[in-house]
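Peer 1: Single-letter residue listing:
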Amino acid sequence: MSTLEIRNLHVNVEDKEILKGVDLTVNTGEVHALMGPNGNGKSTLLMTIMGHPRYKVTEGSITFDGQDVLAMSVDERSKAGLFIAMQYPQEVPGVTNSDFLKAAVNAHRDQPIRLFEFIRLLDKTIADVQMDPAIAHRFLNEGFSGGEKKRNEIIQMKLLKPKLAMLDELDSGLDVDAIKIVADNILKLKEETDMGMIIVSHYERFYDLIQPTYAHVLINGRIVESGDQELAKRIDAEGYEWLLKEKNLTIEKEEEVKRAISLGTCAVNKSGAL
Amino acid sequence: MNLITINDSKKITVNSDKGSACRISLDVEKRSKANVVIFLEGKGQLKLDLNVRVGSDCQVVFLTVNHNEAEIEFNEKYDIYADSKVTIAHMELSEYKAVYNSEHQLLQQGAELTVQTASVSDSRKIFNQDTFHNAGNTTAHINNYGVVMANGYTDMVVRNTIVQGAHNSATHQTSRLLTYDKSAIGRILPVLYIYDDEVRASHAASLGQPDEEQIYYLQSRGLSLNEAVGLIVKGYLLPVTQILEDENLNRLLLDEIEKKVNQNA
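In order, the protein sequences belong to chains C and V. Residue numbering for the first sequence follows my numbering, beginning at 1 and increasing consecutively. Residue numbering for the second sequence follows my numbering, beginning at 1001 and increasing consecutively.
No lab work stands behind these hints: they were computed from the structure. Incorrect hints may have been included.
Claimed, not checked - Between beta-carbon pairs, the in silico distance windows are:
id, chain 1, residue 1, chain 2, residue 2, range
1, V, 1191, C, 137, 53 to 59 Å
2, C, 137, V, 1128, 36 to 42 Å
3, V, 1021, C, 137, 42 to 48 Å
4, C, 54, V, 1123, 30 to 36 Å
As the list claims (entries may be wrong) - Chain V is faced by these chain C residues, among others (derived, beta-carbon under 10 Å):
id, residue
5, 54
6, 82
7, 84
Keep in mind it's a predicted model, so treat the numbers as computed, not measured. We put the CB at the ideal spot given by N, CA and C, even for glycine.
Using the sequences plus the hints, can you model the full thing?
Peer 2: So, in structure tokens, the structure goes:
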């Protein structure tokens, strides 16, 4: 069994503290729904676990099977079994999807995969998520629709078979049928590998399909409530107001600095008349 | 001076071990269709002067691949006559200093030139390119793509000139440099001298660092920093390998880039 343990995690982005003491434990086989209003730190938490250079940990720890995750480079975290399906997958012009996927698969193996074995594996994985086989030869995410990008994330996840997958609003940009296809693939992979998951989604429908074991609400950079799937259902039905009242919380808003803006110069009436 | 008449595809190897200076003249007979591949090899310093005359109605590709294991200076001059279509490609991936002084003369109506440069600099690379439209209805597309690695330096000075009277000519240049390290230095100087009113001309130049988000994305799938950079470099230089109509030459260029990328990874 693998375990991700986060203790008292504080994270800054550009000198602003976003996470203010997060504690979370995720074991393989468990599915954790991470909920909360926009801008309260959900994506920050996932990006920090994966090692994005813009997110600076100022206090606390993250370990995975006892190993210090914060001491690992981004690629080492991937090789350790962590995976993030990104909210906005990057476009990389000039790099074909198949070249990238082969490099990624090989990065997780001692011996490079044989070409025919890779082609067979890739063809099957693309078929599993019901995508056009030509996707393999297109440049990585370039010109992909929102839905194609998200399905491409699932292709990567299936090829890499992580121990812990973090899905950041994977369902956004997917239509109803595509959500079902993606969810089926996630569940099948979970059944095969018993991977753990942290899921960020704003839609009860996705949670209905994936069936989280735990739900957490992240507000103002802290987990303020944890529960089971019932918590996710209540938030979907009632929003966050009840929780804010119960916990006596208000959502901290970022200070807006309003500056005068210039729209350029216009003709001046020299006479001064209006 | 070696004078070589070209009427068919040819492979020329210039070996610096056999002499540090070499002068070659190529005379491409009119109505020829040919691929000319020039390999620079050896371990000594090399100064190569190449003079090329392309007769009318030709379709020719000149590809230079530098494998020389020492500094080179490559001075090349092309005279291109009526209705000839010429592609010049440079694959400059060596670890050593290289200076390219290129002059392209579009001498008669209908002459068409495409220049494609792919460069990876671990050291000092200098490209001085001059293209002259001396007649009407001539066309030039100059495309330079370079990657500057740590401690590397690349300088691209690209001048396109349309003389008075060269009506309906079109000249376009694109130069792009990617700097991969704080110690990498790149400089691009795009220049257009236009002396006629009825022409089309454009230039594009960009110089910048790779996208941090792209590298993070690739690394998050297990690729090391060098592997991620290698993939991006390969993708960046890919356009150079797709311009040649000959599939074998394109493959050769792609192999060269992959070899270089794998070395760095």
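Peer 1: Are the hints correct? Go through all of them and say.
Peer 2: Now the hints, each set against the structure:
{"no.": "1", "hint": "V:1191 with C:137: 53 to 59 Å", "result": "38 Å, violated"}
{"no.": "2", "hint": "C:137 with V:1128: 36 to 42 Å", "result": "38 Å, holds"}
{"no.": "3", "hint": "V:1021 with C:137: 42 to 48 Å", "result": "46 Å, holds"}
{"no.": "4", "hint": "C:54 with V:1123: 30 to 36 Å", "result": "33 Å, holds"}
{"no.": "5", "hint": "54", "result": "8 Å, holds"}
{"no.": "6", "hint": "82", "result": "9 Å, holds"}
{"no.": "7", "hint": "84", "result": "6 Å, holds"}
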